[in-house]
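Modelling step: build the complete structure from the supplied sequences, incorporating the hints.
2 protein chains.
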Amino acid sequence: MFESAENGNKIGRKEYEHALDDLRVELLNAQFDLQQAPFSVLVLLMGVDRWGVDDVVSVLHEWMDARHIDTHFFGRVTEQERERPRFWRYWQALPSDGEIGLHIGAWALGALADRLDGEIDDARLEQRIGQVRRFERALSDRGTLVIKFWCHLSKKEYEKRLKKARKNPELEPYLEKSDWKRCEALDDLLPFAERFIGRTSTSDAPWHVIESTDFRYRNLTIAQTLLASIRARLEAPEPPPSAKAPAVPRARKGVLDTVDLTSALDKEAYKSELQTQQARLHQLVRKAWKKNVSTVLVFEGWDAAGKGGAIRRLTRALSARDYRVIPVAAPTDEENAYHYLWRFWRQLPRDGQMAIFDRSWYGRVLVERVEGFARDDEWQRAYQEIVDFESQLAEHGAVVHKFWLHISQDDQLARFQAREKTPYKKYKITDDDYRNRDKWDDYVDAVEEMVTRTSTDSCPWTVVPASDKKFARVEVLKTVCKALERRLG
Amino acid sequence: MFESAENGNKIGRKEYEHALDDLRVELLNAQFDLQQAPFSVLVLLMGVDRWGVDDVVSVLHEWMDARHIDTHFFGRVTEQERERPRFWRYWQALPSDGEIGLHIGAWALGALADRLDGEIDDARLEQRIGQVRRFERALSDRGTLVIKFWCHLSKKEYEKRLKKARKNPELEPYLEKSDWKRCEALDDLLPFAERFIGRTSTSDAPWHVIESTDFRYRNLTIAQTLLASIRARLEAPEPPPSAKAPAVPRARKGVLDTVDLTSALDKEAYKSELQTQQARLHQLVRKAWKKNVSTVLVFEGWDAAGKGGAIRRLTRALSARDYRVIPVAAPTDEENAYHYLWRFWRQLPRDGQMAIFDRSWYGRVLVERVEGFARDDEWQRAYQEIVDFESQLAEHGAVVHKFWLHISQDDQLARFQAREKTPYKKYKITDDDYRNRDKWDDYVDAVEEMVTRTSTDSCPWTVVPASDKKFARVEVLKTVCKALERRLG
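Protein chains in written order, with our numbering: chain P, 28 to 516; chain D, 28 to 516.
A few of these clues could be false.
[To be verified] No more than 25 Å apart at the CA atoms, straight line, and that leaves these computed lysine-lysine pairs for DSS-like:
| no. | chain 1 | residue 1 | chain 2 | residue 2 |
| --- | --- | --- | --- | --- |
| 1 | P | K194 | D | K298 |
| 2 | P | K294 | D | K41 |
| 3 | D | K37 | D | K182 |
[As the list claims (entries may be wrong)] Derived list of chain P stretches under chain D, where covered just means 3 residues or more per stretch with a C-beta under 8 Å from a C-beta of chain D:
| no. | segment |
| --- | --- |
| 4 | 75-83 |
| 5 | 87-99 |
| 6 | 102-113 |
Derived by calculation from the structure, the hints in this document are not laboratory data.
It should be emphasised that the depicted structure is a prediction, and the values quoted were computed from it without experimental measurement.
Beta carbons: idealized from backbone N, C-alpha and C, even for Gly.
Next comes the structure, spelled out in structure tokens:
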């Protein structure tokens, strides 16, 4: 693969400057059009030629409007980053629609460096490659234009350059010991890089291996490739509307039908169980904190099923230092300018902490599906995206557990009516709530499919009978305790 | 001070529940009105009674709309936080307009814990108190309602409670060894706390010391105080328009008049100086990185003065891993829902890194002042706010340097006209640019006042003659090198 970037490509000074005159105008125009477009551009930049990469960053800032380029260098992993799943820092740094993100090293460098240092073996590298592909796929599915550049030098060329720099007073100050080490390691690195690039070069997110010996050739080729890619995407025809999801016949008996809504606890049993389970939870959470194990809990359920009450019975057992409740509402405009999972990545707890989501990313396959806020292709691919997302949490070592609080339609009506009579609960009831009841069956379909497709061994769903609030609250507490015990051993 | 919170205040169950019925409705209504208001509420919560604080957090979440309460527990300082000025983490966590921030411990706990551990002496505590007051003042000046609660228990009461808990199977699981230590330390802590609370209880940001022995009294009193404070602010009359800034006669000869605009470098000297200074800078930046010294550079100047070019001559000497250029445009709607310094706090570099601001927080006293985007009282108090802000950077150990690139009105006109002839520079020229020229004298006044009032020994301004771009670029490089050398010794 790299041989094709060792051909001695060069561009003369005159040709370069001449080409630049037009190119810079076109880059600025493309960037201007991009600002109105509903997608972002993510450029991954790395390669053998460290100085070349710096130079590309520099010229792109000069040739384009730097106010709309967001550059991130990903160096050593910080404490804050280490305490979250590996891709957390890349999600944090994503450009919003209309912007260009220039990411140096990023997820490619991480995987290669780990393999080179022997931190991971070939099998683990394959696994990392799979993660990279899923990450890039999730972005490109939403419309992000992902372009990756490898600035290439052969080992011979690299050595030649370092030796030349040593004798050149203009370049010598920029030489570092690590440059020689990097050069030495090239024989080991390049086979891994070749595999990595080959396996992650997809039509969604292609790699461009660029010969970096001549700076004019390198800079011009990268800028032209970037320009052509943005232009092609801007001018691409609208994709056809996605195929409608097939109306699969519902199972006679689904998960929800098996729920025993008569489950109940009397007041005495409730009081004593609540106390026992809260004390148990308290100890487990302290233990999780000491062992740096984070916990992610998701609460979904019918309106008025008692999510808030169940969450409060949990948090009563905890200290404010240990947890954070994240109420999830409709996304803001800012959030809508990113992949829909972006806002949830931002909220992930650090090691040892608990995040409790009051509604969650499952809105995509519940309300957004049923109400038509998401296109069919969007919510259909969301199952896979969500499973990927949660598996990264689990792989990082987090406890992940999801609850669906289930009640009957009659239960719900009774609770709505009761709320309307309680002054401080009235605000919770709107006309929407009644309207949503008309779509009960559609929601049942959505819940069934959601639980079936996203319940995994490491990130399971528990459907909780919630007609009796006391029973539901204790059940949630017990389940969280069990999940923590399983993880903490 | 604390004696007044050791009076045995109690509220009976019936009275409590009765009061709650109305209180919860009123809290929800106040919160609803707050959402439309142009200010936020920041509640600082701490005190002897750790469990009481947790309980208050819990009931406020229950009684109000939890979706609009943003709770932050500030525990040990993380690596990421340690690498920024002390108040960075509090700025990150500020609520936006319409929201309530519930901050536990926060800046009060930090100062008290440091004093108790002997990390700082009385003089340093005084200094910290000064910082707290300036921080709270900056927030309240912008309209933020700051309310602080101390949940108090006497040592005797605290001991009694711990002993009781030890014998109570319901409470025993929640006891921690640290509770006994905390109790032991109370005799030492309370005098510091008294001083701290006394010295930071201002009309802008009052403390409320709440007797915490009886949970009903505590919860009700805090919720009622919060409600009354929000209501009072919502119903406060509009403040009268601020006094116009007096038209102070301009000095015959200001800073700008002393700039020698004939300063120039010929091509040869430029080439050689550029190379020398860039190499020098490169080494210094590596050294700063090794010593964990961060650098904050600010570039302001007339339109077309050459800020971008000067910045690029800097970054050419650096590696992408070392710096970040932050182009500053008009604030977004999201940014406008916070104190104007909020967006700059977010961009501060971590230790060892350089942040280069292409325009900056000085927009407040330049364009916002001249164009009337900021009220007179806003830009007038900005000088002090900026000096406070930068002094926190310097105190943290950062190198801070600010550049005003100066050209004449004729220089500017010539450059505008030249830009219009260069295809890729055309986009930089708008009608606004020509309009701004009409206000040249107003800008001169603003620049003069800015440089005079915000140039400090640790965060100085350099006014750079920029009629000759080559001279200006080298001058900037030299100045940055000198500033780094001074800091690195």
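Now the hints, each set against the structure:
1. K194/P to K298/D: 19 Å, holds
2. K294/P to K41/D: Between K294/P and K41/D the Cα gap is close to 20 Å, so the pair holds against 25 Å.
3. K37/D to K182/D: Judged against 25 Å, a Cα distance of about 18 Å means the pair holds.
4. 75-83: Holds: 3 residues of the segment 75-83 of chain P have a Cβ under 8 Å from chain D.
5. 87-99: Answer holds; 7 residues pass the 8 Å Cβ test.
6. 102-113: holds (count 4)
Consistency note: the structure conflicts with none of the earlier hints.
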